[in-house]
Structures are given as C-alpha cells and as structure tokens.
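Just need the whole structure built from these sequences, with the hints factored in.
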Amino acid sequence: NAGVTQTPKFRVLKTGQSMTLLCAQDMNHEYMYWYRQDPGMGLRLIHYSVGEGTTAKGEVPDGYNVSRLKKQNFLLGLESAAPSQTSVYFCASRQTGISNQPQHFGDGTRLSIL
Amino acid sequence: TQLLEQSPQFLSIQEGENLTVYCNSSSVFSSLQWYRQEPGEGPVLLVTVVTGGEVKKLKRLTFQFGDARKDSSLHITAAQPGDTGLYLCAGGSNYKLTFGKGTLLTVNP
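Protein chains in written order, with this note's numbering: chain E, 228 to 341; chain Y, 16 to 124.
If you are wondering where the hints come from, they were derived from the structure by calculation, not from laboratory data.
Reference excerpt, derived from the structure (chain Y facing chain E, CB under 10 angstroms, subset only): (1) F44; (2) Q48; (3) G55; (4) L103; (5) A105; (6) T113; (7) K116; (8) G117.
Below, a sample of chain E positions facing chain Y; criterion: calculated Cβ distance under 10 angstroms: (9) Q233; (10) Y260; (11) G267; (12) G269; (13) A319.
Some chain E residues well away from chain Y (every beta-carbon gap over 10 angstroms; in silico): (14) T234; (15) V239; (16) K241; (17) S245; (18) M254; (19) T282; (20) P288; (21) G290; (22) K297; (23) L302; (24) Q312; (25) T313.
Only a predicted model underlies this, so the values are computations on that prediction, with no experimental measurement involved.
Virtual Cβ for every residue (Gly too), placed ideally from N, Cα, C.
In structure tokens:
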C-alpha cells in the first residue's frame, strides 16, 4: 500500500520556468492538501480540495494553481517560478473533512528556484 | 487567522531526561493533533485529542488537551535517541489543519 506518492522528489528550476508537481493517493480519500514547509515557518497550506473537481485557496495560494480532475490525483502548478517559491512541498490526504481524522503525508518534493 | 505557537523551537537533551513541548493558541479548535517528522520524510500522526482536559498516553509520550481546547502539551519521559525529530502540533477546524512551527528535538546518547 503506497499511501501518498509525490513526484518528482527533487527539482531545480530557473526563474520564470513552469512545472507541475504530482500527488497521487491510493486510499480513496476525498480531501487532499498541498503545503509548503520553510525553515522556521512550519507547514503552510497552499490549496486544498474537498473532492474530485473541487479546489480552494489556503493560506498562501499566490503564484500557484491546482487541479483535481481525478479523485486520486492532486496537481500543483507553478506558472512562472520565483526564488521565493524555493521550498519543500508536501501533499496530504484525508478520508473526510472530519478534523479528528489523520492527514496522510507524502515524503515531499524539494524544489529550488535559481 | 488562527495561530498556534509552539515552544520551545529547539530542544537538545541527554538520553534519559524528561521534556515537555507546548502548543498554545488564542483560538478554540475542534481537535488537536501531534505529528512527528523525520528528515526527508513527511509528518506522521502521533495522536489526536478532541475533548477539553483529555489526556492520552502513547508509551513514554503523554499528550494533554487544555480544558478550553486552546492549548496542548506533549511530555516525553526518559527520552531516547529514537525520539529525535520535529514535533508539530496542528489544530483542526473547517476541514483544514493549522500547524505550529514545530519543535526540533535532539536526544543525545
């Protein structure tokens, strides 16, 4: 059982380039989340989805877009990468929106923007 | 905006010592979760507390949720090197989690 899988694991981009981060979960979870983790800042929510075909903004959505065309996949896009977007990105999923359920995290994508 | 303040930010102790990590907020949460994260990996859930005043024990770890559901603590007894990691508290509300900035714990042999 793979759980939550993120691809790629590492990526280096130049300023202005675009890319898409893929998150896939095999647990049939309804809710999916994208976070970024920066030193001293903890985990900050970028965007989330409460089901297939839905997306919503989190705490730090600017510069990012997302899509949830299939229930098992949640894509995070950077249209024009900026050095401020250098971070570790984590995807998570949860069975429902009930807050006492666990979020299951992938192992992250380490992204550097030069 | 709901905020969770964790303290201390860094903690370095010797094997066998006890420690407490605190998580405080001015907001009420419907639940509070503690996660542990190791280098190169995503956070993994340790425990969820939902009732004010609730205490949960997980081997040498004791978690407490404040009576007003605004704060929580994590106490580790007789810490071991295997306890080393980043401990994150997260408050639950409106389908989302708000994370604290974390406590980086190092337990030296």
